[in-house]
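One letter stands for each residue in the lines below.
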Amino acid sequence: MNALPGLLFDGLAYGSLLFLVSIGLSITMGLMNFINLAHGAFAMIGGYASVWFSHRFGMPFLATLPLAFAVAGLAGLIAERVLFRHLYRASHLDQVLFTVGFVFSSIAAATYLFGSAQQSVSLPAALQGQVQVMGVDLGRYRLFLIGAVVVLSAGLGLLMTRTRFGAQVRAAVDNRDAAEGLGLNVGLVFSLCFGLGTGMAGLGGALGVEVLGLDPGFALKYMVYFLLVVVVGGAGTLSGPLVASMLLGVCDVAGKYYLPQAGAFIIYVLMIVLLLAFPKGLGLGRPSLSRLPLSILVRRRA
Amino acid sequence: MIRRSFLAGCTAIATLAAMPSAGPAAAAADTVKVGVLLPLSGPFSQYGRQMQNGIALFLKQHGTSVAGKTIELVVKDDGGIAPDRARRAVQDLIVRDKVDVLAGFTFTASAMAAAPMAKEARKAMIVMNASSSGITAASPYMIRVGQTLPQITEPAGRYAAGQGFRSIYTVVADVTAGHDAEAAFIRGVEAGGGKVSGSLRVPAQNPDFAPFVQRIKDAKPDAVFAWLPPGEAAIGFIKEFDQRGLAAQGITMLGTGDLTDELTIMQTGDAGLGVVTTGHYSMAHPSAMNTEFVASYLADYPQDKWPNFLSVSAYDGMAALYLGLEKTGGDASGPALAGALAGASFESPRGPIRIDAATRDIVQTVYVRKVERVGERLMNVEIHEFPESRDTAAAH
Chain A
1 MNALPGLLFD GLAYGSLLFL VSIGLSITMG LMNFINLAHG AFAMIGGYAS
51 VWFSHRFGMP FLATLPLAFA VAGLAGLIAE RVLFRHLYRA SHLDQVLFTV
101 GFVFSSIAAA TYLFGSAQQS VSLPAALQGQ VQVMGVDLGR YRLFLIGAVV
151 VLSAGLGLLM TRTRFGAQVR AAVDNRDAAE GLGLNVGLVF SLCFGLGTGM
201 AGLGGALGVE VLGLDPGFAL KYMVYFLLVV VVGGAGTLSG PLVASMLLGV
251 CDVAGKYYLP QAGAFIIYVL MIVLLLAFPK GLGLGRPSLS RLPLSILVRR
301 RA
Chain B
1 MIRRSFLAGC TAIATLAAMP SAGPAAAAAD TVKVGVLLPL SGPFSQYGRQ
51 MQNGIALFLK QHGTSVAGKT IELVVKDDGG IAPDRARRAV QDLIVRDKVD
101 VLAGFTFTAS AMAAAPMAKE ARKAMIVMNA SSSGITAASP YMIRVGQTLP
151 QITEPAGRYA AGQGFRSIYT VVADVTAGHD AEAAFIRGVE AGGGKVSGSL
201 RVPAQNPDFA PFVQRIKDAK PDAVFAWLPP GEAAIGFIKE FDQRGLAAQG
251 ITMLGTGDLT DELTIMQTGD AGLGVVTTGH YSMAHPSAMN TEFVASYLAD
301 YPQDKWPNFL SVSAYDGMAA LYLGLEKTGG DASGPALAGA LAGASFESPR
351 GPIRIDAATR DIVQTVYVRK VERVGERLMN VEIHEFPESR DTAAAH
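Which chain is which? The protein sequence lines are A and B, in order. According to the working numbering, the first sequence is numbered sequentially starting from 1. According to the working numbering, the second sequence is numbered sequentially starting from 1.
Mixed in with the good hints, there may be bad ones.
[What the hints assert, rightly or not] Derived Cβ-Cβ restraints for the label pairs, each shown as a range:
1. A:Pro66 / B:Pro230: 48 to 58 angstroms
2. B:Ala288 / A:Val82: 23 to 33 angstroms
3. A:His55 / B:Gln61: 49 to 59 angstroms
4. B:Ser287 / A:Val100: 41 to 51 angstroms
5. A:Val150 / B:Thr176: 25 to 35 angstroms
6. B:Val374 / A:Tyr112: 24 to 34 angstroms
7. A:Val150 / B:Asp222: 50 to 60 angstroms
8. A:Leu158 / B:Lys195: 32 to 42 angstroms
[Claimed, not checked] Facing chain B, according to a computed beta carbon distance under 8 angstroms, are these residues of chain A, among others:
9. Ala3
10. Ser54
11. Leu93
12. Gly101
13. Ser105
14. Ser120
15. Ala125
16. Gln128
17. Gly139
18. Glu180
19. Gly183
20. Val211
21. Gly217
22. Tyr225
23. Tyr257
[Said to hold, decoys possible] With a cut-off of at most 30 angstroms between alpha-carbon atoms, the simulated DSSO-like pairs for lysine-lysine come out as follows:
24. B:Lys305 / B:Lys327
25. A:Lys221 / B:Lys305
26. B:Lys217 / A:Lys221
27. B:Lys327 / B:Lys98
28. B:Lys305 / B:Lys119
These are calculated hints, taken from the structure and not from any lab test. If you're wondering where the values come from, they're calculated on a predicted model, not measured in any experiment. All residues carry an ideal CB built from backbone N, CA and C; glycine is no exception.
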């Protein structure tokens, strides 16, 4: 009996889940250099949006996903305009305290609106159960998660490297003053970027409900995992968190299968090892998104 | 706050209604103040709601006057598993609110925090859900009406042994309650002449059960016993078990009642079908009293969904208090109430229950139930019973 191919698949699927719920944080925290611990709150908003639309209006699960993105993105956009924007130039400690406060408020709000009960989504039959591919049982929903990662990371990569918006984001992040001097509306770019990040968080939250569950504690419960992926991967890159989440996912699943008694610790041991080996994160070995063209400008100024 | 004042409002109205019979001379001495400690905020507030509903339902059905006394509730929130907060709240209840009786206690941590104070102040403590083994030894005035974990777990082992399963695995969360459940289950299996072939302990907080479920699938046992914290862990495990087709492969999932309580199977959906658990209360329990209980609960609290073991235990806690006060002629002091209730038995929506004369712990029938579709809903349908089940761990 060879368990390895199945484990590799499960690991990649778990990694995909980690990536999906964390990538939004890589945008808001990494790209914008804003310590956004409120990420989980926006993931939770996306999750509740998906559950609410499907229970209230009987919408199919897949149709609620864009809505989860939109609702969380819009919530992020408003929160950024009203609250977070004032903290961009504040110290990191202030950002941490403020965003953690935001998380607690969101937990209270979710409890008030939806109660403390677990929520669940109903998957379409096509995403349930397993399919057998070359003798290996593959979970359909897990396949779907892996597919979602491929599509989303390609889309985000193109958005950041090939579009005008992407160039503006990179410019604004690398040197805010210079970008403003060139006539860029940095405030707007940051707002949109934050909305994109929180929208991705919402989408990740909605995709995660089936596996992670959803209750008001969601915003806090999985914070460690979001941070793990972004810190190990290197904030502000796309490839870093992608590699990190796959690595963490595969090692975690394989570790729990072969060494169940060490189950809870493997992912943390791996984090320590990876951080010792790559203190700046896996993604910064190569030129990162945020450091592509305008980094030359920065260096000249220095 | 809203809920608290709501309940206080209910009591006030009921008190007003009871006034004429009590007469204008009614003084504080004619009132029995009951301090109720429940998790009304935080991640377990749903538990608190269930229990609060159970208490309110009992008061609505039986009125607030018993043995010439008027019952008055003072409800406090312990916020979940927070012994320090529970200690403060209980101190407040005893010293400032001057309650006569303490009730509630959803978690062992809260009950154990309250026990020394209740013992010193000689207040009766009606424990409605906290389920660690042997806690009634902590105060001579503590009475338990809910369940104990070994009490509902060991029958699962005995049932499994009786089914002729050749290989049985256990999967428990790596926390004290999980270890207790594992030990009780194994004891039950061995008492029935069977053997457990493998035990797995998993992190209590575990986002993905795939590797553990796959491990079980590859080991191909006949049955798996699971004890996991309620909420996303239990739901996640049941779903993964279903997605990977373990049930289809002929592996039976066993558990304790909390694994498939009425609120949990609402979330697992059809993935929960066929899971066999042992517990003290099922909404589907066939008795006239339960039918009436369920109907009144659903009529009064439609927004809180279905009644589960928590609302029943809280309902029974109030029933025990009323029974005790009737026996003592209204004397609510700890020694009198504990003495009156030791050995008492009465009918509950779950079936007949008894308070052990020596340990003041609950003795009751533990039912083996299977999750089946009944009409629109999934229900725990009782298929077998173990009468007179006790807290087995305390005896060992």
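Which hint numbers doesn't this structure obey? As far as the earlier hints go, 1, 2, 3, 5, 7, 8, 10, 11, 12, 13, 15, 18, 19, 24 and 28 are violated by this structure, in ascending order.
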